[in-house]
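Chains as they are written, first to last, in the numbering used here: chain A, 1 to 299; chain B, 1001 to 1506; chain C, 2001 to 2305.
Calculated from the structure, these hints are not laboratory results.
Among these hints, one or two may not hold up.
[Claimed, not checked] As a list, the in silico SDA-like pairs of lysine to any residue whose alpha-carbon atoms are at most 25 angstroms apart:
id, chain 1, residue 1, chain 2, residue 2
1, B, Lys1343, B, Phe1328
2, B, Lys1192, C, Glu2167
3, B, Lys1254, A, Arg64
4, C, Lys2008, A, Arg64
5, B, Lys1036, C, Asp2057
All values reported here derive from a predicted model rather than from experimental measurement.
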Amino acid sequence: MAKTVETVIRELSGPTPGQIMRSKVFGHRGLMIGGLVLLFVILVAIFAPLLAPHDPYHQNLMIRMRPPVWYDKGTWEHVLGTDHLGRDYLSRLIYGSRISLAIGLIAALISGLIGTAMGIAAGYFGGKVDMVVTFLINVRLAMPVVLVALAVVALFGGSLQIVIMVLGLLLWDRFAVVMRSATLQLRSMEYVTAARAIGCSTRRIIFSEIMPNILNNLIVIVTLEMAHAILLEAILSFLGLGVQPPTPSWGLMVSEGKQMLLFEPWMITIPGVALFVLVLAINLMGDGLRDVTAPENRN
Amino acid sequence: MKKLLAGASIIALTMVAAGSAWAGKADDTLKIAFNKELESVDSFYNSAREGVIMQHNVWDGLLYRDPYNGEYKGNLATEWEWIDDVTLELVLREGVTFHNGEEFDADDVVYTVNWVVDEKNGVKTQRNVNWMKSAEKIDKYKVRIHLKAPFPAAIEYLAGPVSIYPNEYYAKVGPSGMGVEPVGTGPYKVVKVEPGKRFVLEKFDNYHKDSPKGQPTIGNLDIRTIPDFNTQAAELFGGGLDWIWEVPADQAEKMTAMDRFTVANESTMRIGYLDMDAAGLTGTENNPMMDVRVRQAIYHAIDRQAIVDALLKGKSRIVNSACFPSQFGCTEDVTSYDYDPEKAKALLAEAGYPDGFETDFYAYRERDYAEAMMNYLNAVGIKTNLRFLQYSALREQRMKSGTPISFQTWGSYSINDASAFTSEFFKFGSLDLARDEEVRDWLDVADSSVDPETRKEFYAKALKKIADQAYWVPLFSYNSNYIFTKDLEYKPAMDDIPRFFQMSWK
Amino acid sequence: MLVFTLKKLGLALLVALAVSMLSFALLYLSGDPAAAIAGETASDSDIEAIRIFYGFDRPLLVQYGEWLFNAVRGDFGQSYYFQLPVGQLIADRLSVTMILGVCGITFALLTAVPLGVAAAVRPNSLIDRVALFISVMGQAMPSFWFGLVLIVIFSIQFQILPPSGSESWRHFVMPTIVLGYYAMPGIMRLTRAGMLDVLSADYIRTARAKGASEMRVMFKHALRNAIIPVVSLAAVQMGFMLGGSIVVESIFALHGAGYLAWESIGRNDLPTVQALILIFSLFYIVFTFLSDLLNAWLDPRMRVG
């Protein structure tokens, strides 16, 4: 396929697709802010042992609920104060970033695997497979998530693994819905029909023709579901049925601080703000990614 | 948001409301919060503290135990006498009426007793009633209660959970009717029940004048279920509540500092303890809990006093024996083990665990206490994983396959007798993880003897061996905080049962 | 249209059946309900008696069949905890949750739709940014946190709203805001996106060209078309909200069905939990079914699916 003179000229003079994308990404304020905050949290999580001033599990019943440094009774020894067992709040907050990220990431991964597989299968094969998947999506949507998650955690006992599993097994619906319709659109595209016509295997078509083209959608949903999972874990922990102590989870910290809301509001404020900022960042990033990767900008 | 909240709270705390808008004294209504939904007001068909409260205020028993000095007095019965080991004769009070106008006499006693002892009727807490065989009417105001076997704690139960129901009404409506429209002889009558949500009570004007409970003075009680402490406190600040209870220690301390309300603290009969798998129910192969030195090491590893001082506070204190100190037969003259982590490590090494070991730590309430104890165990090398379950799930686990170590509590149903505690757990029941035959045999003697000295002697023997073998780590007694408006005159009792008929406005 | 309705109805019933089967299996496989019913003070023989009395010793499938047979006739059995039929217990609580749900969705619609329209009319304006800010906040704000903040401000500081209970309309103000705010971002975004699409459509240009007033264009032509997907989202959100009101009800001590569900889980009151899961999912199913019908009626092209 010889290039026409015009296209060559256009390519030489205009920005490359990569350049366009880069300028879109860096020009999107929400995406940048969200991305930077998320990057910061990830770095904190990775370097937690270096950053934390104290052992997050070390208890000292003599110095319970010391307020953060900006209060009159605060000390620089415990910058964000200590919790109800005298553990350093800052260190627990730092280590807690690992838990929240792990919950968000792994739950989104599990649900992503389930949902994507179901969605692609439904979209690609259509017919009976589609009917079954659509039915399963409907069943899943009809189940009250919080209630079912609470029941399962209550019955099996809460632990990090169980909370992640439950959330992963419950949050696949959006993946399935979006992947199904995206695949449905792609299936009738020319290059897919062409690939089928020349006798490519189903597996090859799905992995090399369909997957790369729905990746954009997938990433956007992964971010949304991460945020969803982190918030749900916080709700489960708030209701007393989330991860178990002494794990330094932000949701658990909110739940433990809840009792002192009226007297030591910082105990719930600090992890609450951390949660809020993390979820906000992930959402901003998700929204930004959707804007940037959409065929045309929304406005 | 953060600043706003912090600012708002500070304002809330420094706020000096001079007499709230809806204060209870003005309209003679005490507004009360329950923390949990009560399943049924019928006292034989619930097992909750809230149920016990309702029972004491709405019904009367044949006898009454003064909560402040422990003395037994007649209530619906005026005299009682043991005919033999298994027969109790009671003379009933005349001139008592039920809330619905029904007259109280022997028929009510006979009907109630015979109803509750019938297993088919499924009274929820069988132990409260299953020591009785039947009741028999001698004449209109005299009855005999026949026991299945000698039962020294009978008087205690008749003064506690066994309340007397009106026979005609109960025969007609049954437990479900009694649950929504309760009728008793007690100082308060129920005027409205919204199951689980709200109970409205009103002073019973015809309450029998010679009752050892005294006469109620507050006109109306409005009880609402509000599960969250913060919401309760918010209501209290705004005057929507006058009285709350079971307030956690830290919050009570803060409320005391505010000096807007009366904060009363009283010890309760509940004891916390660690239960260890001495009999090897989880498996006998390489089970560290079967070694007495390991159990003693665990005892030495935990700073019980620090936990009491920092977390429970109030009138709680550490206990050393597998019973509540005031219970008949309970002795604290047993081996105890100080907080000594070095000694704990030495004992572990001696038992063949110089580097400690890893184990599951089970609990069902007060996650923070459990967490604190786990931290102490971690410090001597015993790595613990918390398994926090619902009570029923934990119970099932313990019954089926045992648990290596679990944080348990027991309130003895407020029964002031060691048979309701020690005997409950060391007589090879499904929750007996020690399975010590000698202890069981001693307890059998103590439980069934009618001679107080023999009982004391054998309880002491059993308790000493339990301590020597460190089957349990007895931890501490609980306490309860009550917070109420300064308009209210009230002194909590040790059995943690609020008696609204003993409260009054100042 | 009739075929379409019947097909959707059949599907809805199947979904309900599947949900009830799943939740039944989940709840009853997990442990011995007898120990839970007996409570803390029961002896072993009490528990054994209860197991036989309630029939927990029978195969699970038999128990499910019996439950389903009774449930279809409106009998959800007896609550293990309250000495009451589950149906009676739930009917009492459901009204509170329904009021809350209706208020919440109304609040969400009344705030989200105008904001969404305004944002679409002036994209990238201040109002668009404010709307975006509100929706982003709403998505990231944990509802329990928001509820507690409102209590501190309106009940403690200003003392203008009661923090708990369900006796008067004033008790519903804060719960409505918290629950409504949860549903708002989605509705607002969809309204905005829908309006943007519609406003650039040919028929709007035509209407404008024909000299129709701006108000007329907005409401007669644009909003009417943009609102179709919003209606179905609102229906779906309503279903979610009823199931998600657990947190709100527990904070504001509203004794609704959500709070009952949470408490019943803690008490292992399986018949109540089971019935509530079914009822919440039925709500969702009914609302989506209705919105399907509504959409099909508004837009005949959708009747094919």
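Structure-based check of all given hints:
no.	hint	in the structure
1	Lys1343/B with Phe1328/B	34 angstroms, violated
2	Lys1192/B with Glu2167/C	15 angstroms, holds
3	Lys1254/B with Arg64/A	14 angstroms, holds
4	Lys2008/C with Arg64/A	59 angstroms, violated
5	Lys1036/B with Asp2057/C	30 angstroms, violated
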